[in-house]
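In order, the protein sequences belong to chains A and B.
Residue 63 in this note's numbering sits at position 10 of the first sequence, with consecutive numbering throughout.
Residue 66 in this note's numbering sits at position 13 of the second sequence, with consecutive numbering throughout.
One or more of the hints may lead you astray.
Note that the list lumps identical chains together, so a pair holds whenever it fits in one copy or between two copies.
Straight line, CA to CA, 25 Å or less: simulated DSS-like cross-link-like pairs of lysine-lysine [said to hold, decoys possible]:
no.: 1; residue 1: Lys-488; residue 2: Lys-403
no.: 2; residue 1: Lys-490; residue 2: Lys-403
no.: 3; residue 1: Lys-126; residue 2: Lys-355
no.: 4; residue 1: Lys-355; residue 2: Lys-336
Derived from the structure by calculation, the hints contain no laboratory data.
2 protein chains.
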Amino acid sequence: MTGVIEKAKEARKAALKLANVPVETRNSALHRIAAEIRERSDEILRANSEDMRRAEELLRRGRISRAAMQRLKLDETKINDIIRMVESVAGLEDPIGRTLYAVELDRGLELYKISCPIGVIGAVFEARPDVLPQLSSLCLKSANAVMLKGGREAANTNRALFNAIRGASEGAGIPEGWIQLLEERREVREMLELDEYIDLLVPRGSREFVRYIQQNTRIPVLGHAEGICHIYVDEDADLQMAVRICLDAKVQYPAVCNAVEKLLVHRKIAGEFLPLIAEAYRKAGVEMRGCERTREIIKDAKRATERDWRTEYLDLIIAIRVVDSLQQAIDHINTYGSKHTDGIVTKNMKNALAFLRGVDSSSVMVNASTRFSDGYRYGLGAEVGISTGKIHARGPVGLEGLTTTKYYLIGNGHVVGEYVGPGAKPFSHRRLERKWKELESSLGG
Amino acid sequence: MTGVIEKAKEARKAALKLANVPVETRNSALHRIAAEIRERSDEILRANSEDMRRAEELLRRGRISRAAMQRLKLDETKINDIIRMVESVAGLEDPIGRTLYAVELDRGLELYKISCPIGVIGAVFEARPDVLPQLSSLCLKSANAVMLKGGREAANTNRALFNAIRGASEGAGIPEGWIQLLEERREVREMLELDEYIDLLVPRGSREFVRYIQQNTRIPVLGHAEGICHIYVDEDADLQMAVRICLDAKVQYPAVCNAVEKLLVHRKIAGEFLPLIAEAYRKAGVEMRGCERTREIIKDAKRATERDWRTEYLDLIIAIRVVDSLQQAIDHINTYGSKHTDGIVTKNMKNALAFLRGVDSSSVMVNASTRFSDGYRYGLGAEVGISTGKIHARGPVGLEGLTTTKYYLIGNGHVVGEYVGPGAKPFSHRRLERKWKELESSLGG
Numbered sequence: 054m055t056g057v058i059e060k061a062k063e064a065r066k067a068a069l070k071l072a073n074v075p076v077e078t079r080n081s082a083l084h085r086i087a088a089e090i091r092e093r094s095d096e097i098l099r100a101n102s103e104d105m106r107r108a109e110e111l112l113r114r115g116r117i118s119r120a121a122m123q124r125l126k127l128d129e130t131k132i133n134d135i136i137r138m139v140e141s142v143a144g145l146e147d148p149i150g151r152t153l154y155a156v157e158l159d160r161g162l163e164l165y166k167i168s169c170p171i172g173v174i175g176a177v178f179e180a181r182p183d184v185l186p187q188l189s190s191l192c193l194k195s196a197n198a199v200m201l202k203g204g205r206e207a208a209n210t211n212r213a214l215f216n217a218i219r220g221a222s223e224g225a226g227i228p229e230g231w232i233q234l235l236e237e238r239r240e241v242r243e244m245l246e247l248d249e250y251i252d253l254l255v256p257r258g259s260r261e262f263v264r265y266i267q268q269n270t271r272i273p274v275l276g277h278a279e280g281i282c283h284i285y286v287d288e289d290a291d292l293q294m295a296v297r298i299c300l301d302a303k304v305q306y307p308a309v310c311n312a313v314e315k316l317l318v319h320r321k322i323a324g325e326f327l328p329l330i331a332e333a334y335r336k337a338g339v340e341m342r343g344c345e346r347t348r349e350i351i352k353d354a355k356r357a358t359e360r361d362w363r364t365e366y367l368d369l370i371i372a373i374r375v376v377d378s379l380q381q382a383i384d385h386i387n388t389y390g391s392k393h394t395d396g397i398v399t400k401n402m403k404n405a406l407a408f409l410r411g412v413d414s415s416s417v418m419v420n421a422s423t424r425f426s427d428g429y430r431y432g433l434g435a436e437v438g439i440s441t442g443k444i445h446a447r448g449p450v451g452l453e454g455l456t457t458t459k460y461y462l463i464g465n466g467h468v469v470g471e472y473v474g475p476g477a478k479p480f481s482h483r484r485l486e487r488k489w490k491e492l493e494s495s496l497g498g
Numbered sequence: 054m055t056g057v058i059e060k061a062k063e064a065r066k067a068a069l070k071l072a073n074v075p076v077e078t079r080n081s082a083l084h085r086i087a088a089e090i091r092e093r094s095d096e097i098l099r100a101n102s103e104d105m106r107r108a109e110e111l112l113r114r115g116r117i118s119r120a121a122m123q124r125l126k127l128d129e130t131k132i133n134d135i136i137r138m139v140e141s142v143a144g145l146e147d148p149i150g151r152t153l154y155a156v157e158l159d160r161g162l163e164l165y166k167i168s169c170p171i172g173v174i175g176a177v178f179e180a181r182p183d184v185l186p187q188l189s190s191l192c193l194k195s196a197n198a199v200m201l202k203g204g205r206e207a208a209n210t211n212r213a214l215f216n217a218i219r220g221a222s223e224g225a226g227i228p229e230g231w232i233q234l235l236e237e238r239r240e241v242r243e244m245l246e247l248d249e250y251i252d253l254l255v256p257r258g259s260r261e262f263v264r265y266i267q268q269n270t271r272i273p274v275l276g277h278a279e280g281i282c283h284i285y286v287d288e289d290a291d292l293q294m295a296v297r298i299c300l301d302a303k304v305q306y307p308a309v310c311n312a313v314e315k316l317l318v319h320r321k322i323a324g325e326f327l328p329l330i331a332e333a334y335r336k337a338g339v340e341m342r343g344c345e346r347t348r349e350i351i352k353d354a355k356r357a358t359e360r361d362w363r364t365e366y367l368d369l370i371i372a373i374r375v376v377d378s379l380q381q382a383i384d385h386i387n388t389y390g391s392k393h394t395d396g397i398v399t400k401n402m403k404n405a406l407a408f409l410r411g412v413d414s415s416s417v418m419v420n421a422s423t424r425f426s427d428g429y430r431y432g433l434g435a436e437v438g439i440s441t442g443k444i445h446a447r448g449p450v451g452l453e454g455l456t457t458t459k460y461y462l463i464g465n466g467h468v469v470g471e472y473v474g475p476g477a478k479p480f481s482h483r484r485l486e487r488k489w490k491e492l493e494s495s496l497g498g
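Here chain A stands alone, though its shape is the one from the complex (with noise of 0.2 Å):
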């Protein structure tokens, strides 16, 4: 059996090939994966079947929840929603070549900075299956290699999906070895030591397993572990709007990472919006915890403690408190929240703006619920992951966070040596037109 490191030499190896295939190739690397999915769908669902057989055991001996299991399981919906999303992927802008900026230094002597991929992706998942066609496609797509680790639990869907998506992308001339599979549990803490390998981790589930993830590895990691987020109604908010936001963004998809967790309150509308809110909340079926202000107006309100404004509920639970005002209400989110999303409802632009400028987070939104925070409908095409960290990507990551840049530098002979000293000649640094696609095809590439 094939060792984690020798895996990974052989993805570093496919990368440097597969950084050049063109992108007709790999678009149609991508329908041809579509296709066999949809023709090996039968094997797929049979190997689920095994994967859900044996997780039914886990579930009698307590070893997995039931949630689990529901996410495990493929069925024939799932299938064509992975086959849609490959073809999607497909259909993609190519985010790899375009000209980031081009400049001349001097006549004949031009610089381009080009969008190129980073080299080998870390891809680790828990349970779901579809995580790994998806990041697989959007590898590809990025002309990145891909080791990929999932969850013991759906070990015989991944192989299955795995050997569809490897079989079809190198017979359409993806150079071979540029997806890897990590099968055994050990790997995973291998893998998070080959930071002279693997580039870049995406990893994908709980905040347990990506905090996991984040601490033990000097891999650049791309994700976040929790969206604590935050929605603050101030006092020149339009309450009603208030009530529709703060409802939509804590019961519309409670289980998400940009679900809102806590709301403060301005308290000089604390009197008449707490009423509003926590009725639509009893209605919605939503348990709310308060401060001691909150508490004097929503009486079933539970007591919220110090540990409730740093907990991710994940659930129908909401933290609510009551500020003295909109910078209050701004230091409390960059205490305790996770900078990922966070909103203001507000009538009043001023306000509006100091809190766009003050919250420290990746997303930030007046009038509009947390749960648009997401690369879809930011209309990024596809989401490689939503990051908390501020460096390399921020907020929802489309294709472009699987790229990275290269500087090409066409001269004809020039020397560094005429540009110092007594008779230096300039630099023009006119900024040029030409796309380096143009420049590459009128050179024959």
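Given chain A, put chain B in place with the hints provided.
Leaving out everything else, chain B in the frame of chain A:
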């Protein structure tokens, strides 16, 4: 004495405020800093004399090199260079508040992706005292707080420069605590642990120093440990041009990271080219080390060992290898190089393109000296560093490398519930021409 964590907390607090200080204030603070350094130049030079006096003692005891002492020394010319540098940073375009993406999600629901400061930058450097004002100015321009840790040899000079910068900037309205100085050696180690407070490290110094930083922190590092740069002289090269470029890249300034360290020469032209370059290198006092085939042609070349291919000399030494093909040259560079800067000399544009695509380095040159790889020459205005990493920023990095992004979503009561399920409203995802700054000022910002 304030501990490192307390300083980091102060810096983080100041960073949140500094993020919203307008560019006019930041620029006028930079001008005040330049004026203050001019006013206090006697004081700074006296502090530097004190450091020099101690350094002479260290030199006598063999504890530092003469070169290190030279780098430590400040004089009026160098002070004037520093003042000019600070003024030029004031003159650069504001990197903050730029609109990187603007899209309407639906009527009245507008998304803006804005450049913003990262937060707290850790600047660690060895004995060159001009690094302190340079990195401080770049951080201030980009609205980041900065924690500075310089070499102990320059302690007095650094403190004098720090006091001038802090006094002038805080007097000009920059939030107190935005700039912090660490003076104890043990504080470096502590600083490297503070990934909760410091967002990015920018190290400046020897390769051993940078490597130490990279290997002892979880904080992302922007920089490079070394530049093992190659020039490949293709079979279709203009040999006179190749001599010019190989000479410039080696001798014009050999002590820097973008100087060439290895020549790869196609075997078909080795017999003609190697005597030409050998003559030029001999005249310039360059020591040549070659592979067996090189030494058959250049008789006075020393034998290059495996170690030579992996060594950055930073000196008038070059290692030369005859290769059988373009692909062998590319493979050699991807195996032994440092992903910094590598070049090809050729008249054959197909070969040039294959080289550009195949070499996995941050800058790739065609018919130009590797020495051009530099932020100023690339027209970036200022250079924060040259990054050989692929995440966040790669190659020569301008002020952009000290920024991240933030999404602003401005709605009018929009909720996600209307955009999902049966009867879901569609997203328009229409690109907006409007920049955030225009909307901001129309909102009264």
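Next on the checklist: Please list, smallest to largest, the hint numbers that this structure does not respect.
Outcome noted: Hint 3 contradicted; others consistent.
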